[in-house]
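Assemble chain C onto chain U, guided by the hints.
Residue numbers (the working numbering), protein chains in the order written: chain U, 38 to 192; chain C, 898 to 1350.
Rather than coming from a laboratory, the hints here were simulated on the basis of the structure.
Please note that a few of the clues may not be correct.
What the hints assert, rightly or not - Calculated lysine-lysine pairs in the DSS-like style (CA-CA distance at most 27 angstroms, straight line): (1) 162(U) x 934(C); (2) 156(U) x 996(C); (3) 996(C) x 1148(C).
Said to hold, decoys possible - Computed spacing ranges between beta-carbons, pair by pair: (4) 142(U) x 996(C): 39 to 49 angstroms; (5) 156(U) x 1302(C): 55 to 65 angstroms; (6) 156(U) x 1146(C): 32 to 42 angstroms.
Claimed, not checked - Here chain U is said to cover these stretches of chain C; the calculated rule only asks that three of the stretch's residues, wherever they fall, bring their Cβ under 8 angstroms from a Cβ of chain U: (7) 939-951; (8) 964-977.
None of the values given here were measured: they were computed from a predicted structure.
Ideal placement from N, C-alpha and C gives every residue a C-beta, glycine not left out.
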Amino acid sequence: MIDIRKLKELVRLMVANELTELDLRDTEEQVTLRRDSQSAGAGAAEGSVGSGTAGSRPVAVAEGGPRSAEGGGEEGLLRVESPMVGTFYSAANPDALPYVHAGTAVGPETVVCMIEAMKIFNEIKAECSGTIERVLVKNGDAVEFGQAIFLVKPS
Amino acid sequence: MFLRILIANRGEIALRIIRAARELGVQTVCVYSQADKDGPWLEYADEKICIGPGAAAESYLRVDRIISAAEIAQVDAIHPGYGFLAENAHFAEICRECKIEFIGPSPEAMGLLGDKIVCRKMAREASTPVFPGSEGAVEDEEEAIEVGRRIGYPLMVKASGGGGGRGMRLVRDEALLSGALLAARQEAQASFGNGAVYMEKFLEGGRHVEVQVLGDKHGHAIHLYDRDCTSQRRHQKLVEESPAPRVEGEKRNAVARSAAELIRRAKYAGAATVEFMMDGDQNFYMLEVNTRVQVEHPVTEMVTGVDIVKATIQIAAGEPLAWRQRDVKLRGHAIECRLNAEDPDQGFVPRPGTIDRFRLPGGPGVRVDTHVRRGYRIPAMYDSLIGKLIVWGATREEAIAKMRCALEELDLGTIRSTIPFHRRLMRSREFIEAELDIHCIERMYGEKGAFPS
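Just chain U, with the same shape it has in the complex (with noise of 0.2 angstroms):
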């Protein structure tokens, strides 16, 4: 079993020299580290460890989903964001209502809104349990991948 410090240890280098992949084997073991080397502050390393096989099983880099939100009077607050680029729409169509307001309590599955990009309607998901604190973007507002369209209190 490696040993938690050395994989402490690999990770601060591998962070201190801007490695985004790390991989080592001897005769018993075999350690593979990955990071997404975009990621602020420490990086969101992974790792899998195996033994004596060759060939480490790709990592998934997790994207996306609510993020806390820093600063601005929005602390303790999770960001939903944008999973595309498109045209937001806070309603299924003109003449309905929005799907959510500020105080609408929302499950992971709940819909919050609408993004159309070519045409396509796509619905999308608040991915988080909360009430809606505060609608960032207005309907019918071009959103960019990553934009911040909804803040939500956490439950």
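Frame of chain U; chain C shown alone:
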């Protein structure tokens, strides 16, 4: 002329395109990945739109997000630059379907010239010199052996849908032919979904000389003469110059004219480069056609006075070429050194880092195309090109002297880069006397390790 265009690229070429567009009075929208959110070039654009996380496959290669960005920004056209989606006929097709102009050739022209077997056939019809080789696809072993006996060894078995060195096999002896044929076919099928292969005579050594061409939507095509890109390491260009030294005038003109004719026949609108190998007797043999603007376009701009990137936008907007062939004259000599964040003493391994000092050379005939500035952190996930240093001199000797001075003035701080390599190359006998061949850099350098002093 377009009102607004979207630039589907990053780094130095994004900045280059933004500048060309602005000169034409066209507004610019630049897409970027989260890894490029601090990209200095973004400040030059009128608008910027984030299209994904750092990984190119999730951002700069995401056709859907780029098209969405084009729609929300209401642009008239998309400039793909080089790399990424620049030679992606599927992307060009989608642009057309979405009524967005693709600043480049039509999917049909791209498809014709991108299919190496078709391109070879068209080249022969245009009198563009090609390697001796098979008529078309090689169907079976019997045919392969017959071709091999006709053209001689060594020869290359190449994939028709290929590129990037894949789906190719060098064969030195008839006994190894059938194995190579099978391997090339399998690799081609796996990499490109197209197992068609053909055969060509292989030239040992030689020089890489390419011709820049421009075609418009009205059936005109011209050449902008040639570039010599022989200074390469593992098929990566490091230094380019124009015109190619020690080439007889009439031979230069003939091959350049044939390249323009090939483009014209393909009904190609945009900028393209026809690549050749040149042997010791100044015979040219076509390698392939690149259906995009190339990294080294500045050297041609310096010796002909033609702004190639502006021309791509004008051509896409439907304007006829502003020059007839006889208007294009070669003047002086230009050299470009690619500045890569790589360590030349460690096999040119990429070394991302931060630009902690920044001083650019200047003066007459000195041009720097770069997106970096002091404090810029070079991301690890894209190519290592951080800029290009280009000089122009009245003669090749003057250009070399100017490049030496410019390289001395250039300071990008403590990062490992190809600057020391270029400084040494510009003092080497091989470069000064233009006695280069494509294996030259590897011989001078060895695979790893320092340049011998």
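Here is what the structure says about each hint:
Between residue 162(U) and residue 934(C) the CA atoms are separated by roughly 25 angstroms; this keeps the pair inside 27 angstroms, and the hint holds. Restraint check: the Cα-Cα separation between residue 156(U) and residue 996(C) comes to about 14 angstroms, which is no more than 27 angstroms; the hinted pair holds. Restraint check: the Cα-Cα separation between residue 996(C) and residue 1148(C) comes to about 43 angstroms, which exceeds 27 angstroms; the hinted pair is violated. Between residue 142(U) and residue 996(C) the C-beta distance comes to about 43 angstroms, which sits within the given range of 39 to 49 angstroms.
Separated by about 57 angstroms at the C-beta atoms, residue 156(U) and residue 1302(C) satisfy the suggested range of 55 to 65 angstroms. Between residue 156(U) and residue 1146(C) the beta carbons are some 56 angstroms apart, a value that contradicts the proposed interval 32 to 42 angstroms. Taking a C-beta to C-beta cut-off of 8 angstroms, the segment 939-951 of chain C contributes 6 residues in contact with chain U, enough for the three needed, and the coverage statement holds. Proximity of the segment 964-977 of chain C to chain U, defined as three or more residues with a beta carbon under 8 angstroms from a beta carbon of that chain, is established by the 6 residues found.
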